[in-house]
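Protein chains: 2
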Amino acid sequence: MKAEDLIMISVDDHVVEPPTLFDEHIPAKYRDAAPKVITKKDGSDVWTFNGSIIPNIGLNAVAGRPKEEYGIEPTAFSEIRPGTYDIHERIKDMNAGGILASMNFPSFPGFAGRLFAAAEDKDLALAVLRAYNDWHIDEWAGTYPGRIIPMALPILWDAEECAREVRRVAAKGCRSMTFTENPATLGYPSFHNAYWDPLWKAASDEGVVLSIHLGSSGQLSVTAPDAPIDVMITLQPMNVCQAAADLLWSRVLKNFPDIRFALSEGGTGWIPYFLDRLDRTYDMHHLWTGQDFGDKLPSEVFREHFLTCFISDPVGVQLRHMIGIDNIAWECDYPHSDSSWPNAPEELMAVSEGVSAEDLNKITYQNAMRWYSFDPFVAGRTKADATVGALRAEAGDHDVTIRATDTGRFEKAVGIDMGTLAKNATA
Amino acid sequence: MKAEDLIMISVDDHVVEPPTLFDEHIPAKYRDAAPKVITKKDGSDVWTFNGSIIPNIGLNAVAGRPKEEYGIEPTAFSEIRPGTYDIHERIKDMNAGGILASMNFPSFPGFAGRLFAAAEDKDLALAVLRAYNDWHIDEWAGTYPGRIIPMALPILWDAEECAREVRRVAAKGCRSMTFTENPATLGYPSFHNAYWDPLWKAASDEGVVLSIHLGSSGQLSVTAPDAPIDVMITLQPMNVCQAAADLLWSRVLKNFPDIRFALSEGGTGWIPYFLDRLDRTYDMHHLWTGQDFGDKLPSEVFREHFLTCFISDPVGVQLRHMIGIDNIAWECDYPHSDSSWPNAPEELMAVSEGVSAEDLNKITYQNAMRWYSFDPFVAGRTKADATVGALRAEAGDHDVTIRATDTGRFEKAVGIDMGTLAKNATA
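Protein chains in written order, with the UniProt record's numbering: chain F, 1 to 427; chain W, 1 to 427.
It should be emphasised that the hints constitute simulated quantities derived from the structure, not laboratory data.
It cannot be assumed that every hint is accurate.
Same chains, same label: a pair holds when it works inside one copy or across any pair of copies.
Said to hold, decoys possible - SDA-like, lysine to any residue: derived pairs with alpha carbons at most 20 angstroms apart:
1. LYS92 - ASP399
2. LYS36 - ALA3
3. LYS36 - GLY294
4. LYS92 - ALA390
5. LYS67 - ASP283
6. LYS29 - GLY290
7. LYS29 - ILE53
8. LYS254 - SER190
9. LYS29 - PHE49
10. LYS36 - GLN291
11. LYS201 - GLY354
12. LYS40 - GLU304
13. LYS36 - PRO19
14. LYS36 - ALA118
15. LYS172 - MET369
16. LYS40 - ASP292
17. LYS67 - GLY294
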């Protein structure tokens with residue numbers, strides 16, 4: 001198989017929300033209190049809501065920048081690629097990158113909508129969250145049918161209300177809701193608490209996947225305040241691994257056999273070891289810990305409930321059958337620093353020697369379609385004009401040049417204090 | 001290769017310290033203050049020192065018990081296998097298990113000697129720690145030459161003193177010192193602080209490996225207070241992974257090119273993914289984070305400095321060449337609950353189909369000999385009488401029956417509060 005013949009759906013990209021997000025979607029009575037973008041004296045644009053100020057973190061929008069400029073300084077909209085916040089430009093960037101469809105996690109509200117949840121006025125919080133979901137589904141995803149997998153934010157502070165939101169967005173065709181790696185670390189009941197049962201039931205009923213993104217626990221893997229930032233970057237998938245173990249052994253999977261989760265940006269190469277560790281833990285300990293999966297092994301239960309996702313993972317591609325070929329989906333991570341846009345198809349092929357077209361198709365688009373009940377072949381689009389080659393032809397001469405910022409505001413970020421970073425983490 | 005032809009050195013077992021430990025080794029002036037075993041009203045034996053009481057945790061000494069009896073209740077010496085605390089019985093158990101030699105981590109002092117470090121009287125702490133090391137090297141390891149890889153405890157509270165202890169025990173032939181996964185979480189300077197330089201220098205000079213055992217950070221991977229204990233058991237190797245990342249990106253490896261670490265009980269199946277993640281993190285981020293490994297990749301640097309270790313890890317065995325065949329050592333974990341004693345040789349062969357004798361020999365004994373500068377072929381022992389088959393013949397009819405305790409004190413431990421467990425963790 002050649003890169004140009006791949007059909008690619010990315011189950012993990014990001015939208016940098018545009019300042020106009022709430023214009024059409026928030027009820028008039030909440031307009032003044034809704035989140036707003038302001039420009040600070042240093043030229044950076046920030047979101048404000050409920051007394052909080054949320055900068056656009058540099059690493060979250062570096063697509064199209066040279067690596068020397070990666071950093072975590074706040075940025076202005078004028079310094080980031082329009083494709084990060086403008087859906088028309090996004091589609092052009094997707095075409096140029098050969099990407100047929102994309103699921104977009106939020107930026108300023110945090111992956112699980114923590115920012116909105118923090119508002120004491122829960123009516124306001126609910127109005128803002130619903131407006132966000134309506135904007136995402138109707139406007140961001142709705143403008144180009146078949147190109148964006150719609151995704152909703154959860155209501156962390158009220159599981160009954162969250163269940164209603166699952167049913168509301170499902171009725172609009174949305175089959176993905178973000179969730180947190182660990183509600184307990186965010187101050188809510190843990191995965192082991194019946195508090196969440198209404199949500200699990202609604203998600204099961206409606207076929208909505210809970211998409212758990214790396215970094216959504218509110219905790220970074222910080223070993224020490226003086227550790228280099230490379231340690232935290234390396235360890236990020238560890239939190240996702242914790243979430244997988246937490247859910248696997250919980251009552252959730254036992255009581256809700258149709259519930260499904262995606263481990264977004266969690267990587268896949270560690271999964272075979274993890275599955276073996278689950279089975280060995282079960283074998284060695286279940287007689288005294290009381291775990292009971294009937295006639296199944298924990299690794300089998302895992303494959304029934306979890307979609308694993310990778311950006312670039314040569315080990316995972318090689319071990320795909322130890323993971324489960326129906327449990328792996330590719331992701332691009334545009335416009336974050338781990339993304340290989342616009343060369344992702346070529347990068348994937350470089351680590352896919354000997355992988356059959358059947359396996360590649362499952363990984364690059366068929367698993368994503370099935371898990372998220374998503375059909376990109378709409379509005380006359382056929383497989384023939386869904387390939388990397390066809391989309392790039394559509395993109396024409398769309399500019400994907402990597403270029404430095406003109407402002408000179410980017411400086412090397414060597415020596416970042418991890419304690420401060422952890423404290424300021426809003427995702 | 002057949003199981004009976006293997007030569008097996010385990011680089012991770014445990015000693016349950018006998019009550020007589022300090023009798024011959026503590027100076028007279030510290031005899032009254034030295035740690036002592038007392039029997040509590042409930043019949044359990046506990047160590048006492050410096051106002052602390054340390055029970056023998058059940059899971060730490062379950063070898064020879066049915067799995068239904070695994071638990072974390074305190075135990076009495078009369079309820080655990082004599083091989084856990086009596087060197088003569090230990091050698092018989094090793095023979096019956098086909099194990100030529102064994103490295104034994106401590107129990108009641110904690111893997112990195114935290115218990116001793118907590119004493120305000122640092123002269124007492126030093127005397128107790130040295131007595132422990134003398135007992136371990138001269139008595140526990142010294143009684144049967146070539147059977148026990150000697151191992152010393154570190155001095156956490158004074159890196160200069162620790163360096164002196166490295167040189168003192170090295171002069172007695174000891175080439176392994178335990179260390180912690182994370183000194184920062186124990187309240188000491190982190191791996192990134194020059195405080196530890198005297199220790200790294202002494203260990204480099206003397207060829208002493210720092211053996212970092214899973215669980216030695218003082219932190220368990222606890223996701224929520226109400227999480228089932230299976231979650232924590234599954235996630236234990238995650239802390240070791242954090243230690244590996246913390247050290248890999250630190251200045252330690254750059255400034256001390258001869259320093260070596262063992263990731264004890266850390267497992268191996270996750271290493272290929274981890275190495276790829278290190279290299280990708282370096283590729284994507286080093287231009288702004290400032291990391292510099294010269295002409296090497298982080299994965300190459302890892303292989304120069306780290307020994308990885310597994311008990312039973314079919315994934316790791318399969319991926320041995322992605323890990324590094326010279327960087328893997330087998331371990332038995334006697335008498336902990338993860339151990340497969342006395343059937344470890346058969347269990348290893350069951351997951352080693354297609355593995356060459358050359359690879360197996362490296363994993364089962366040659367890597368251990370080289371990393372720990374340890375020679376088991378002493379006192380007339382040849383390779384021919386070092387095999388599993390030869391040792392089992394030596395063991396004769398030594399009883400290895402799995403049997404239940406008579407006391408009935410073991411109950412199912414379902415519903416353990418993980419918050420309490422984490423708080424009480426002494427390792």
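Structure-based check of all given hints:
no., hint, verdict
1, LYS92 - ASP399, "within (9 angstroms within a copy, 73 angstroms between copies)"
2, LYS36 - ALA3, "neither (41 angstroms within a copy, 69 angstroms between copies)"
3, LYS36 - GLY294, "neither (52 angstroms within a copy, 46 angstroms between copies)"
4, LYS92 - ALA390, "within (13 angstroms within a copy, 71 angstroms between copies)"
5, LYS67 - ASP283, "between (46 angstroms within a copy, 9 angstroms between copies)"
6, LYS29 - GLY290, "neither (52 angstroms within a copy, 49 angstroms between copies)"
7, LYS29 - ILE53, "neither (22 angstroms within a copy, 62 angstroms between copies)"
8, LYS254 - SER190, "within (16 angstroms within a copy, 41 angstroms between copies)"
9, LYS29 - PHE49, "within (15 angstroms within a copy, 66 angstroms between copies)"
10, LYS36 - GLN291, "neither (48 angstroms within a copy, 38 angstroms between copies)"
11, LYS201 - GLY354, "neither (41 angstroms within a copy, 47 angstroms between copies)"
12, LYS40 - GLU304, "neither (48 angstroms within a copy, 48 angstroms between copies)"
13, LYS36 - PRO19, "within (7 angstroms within a copy, 68 angstroms between copies)"
14, LYS36 - ALA118, "within (16 angstroms within a copy, 52 angstroms between copies)"
15, LYS172 - MET369, "within (17 angstroms within a copy, 64 angstroms between copies)"
16, LYS40 - ASP292, "neither (56 angstroms within a copy, 35 angstroms between copies)"
17, LYS67 - GLY294, "between (50 angstroms within a copy, 18 angstroms between copies)"
Violated hints, listed in ascending order, are 2, 3, 6, 7, 10, 11, 12, 16; each of the other numbered hints is respected by the structure.
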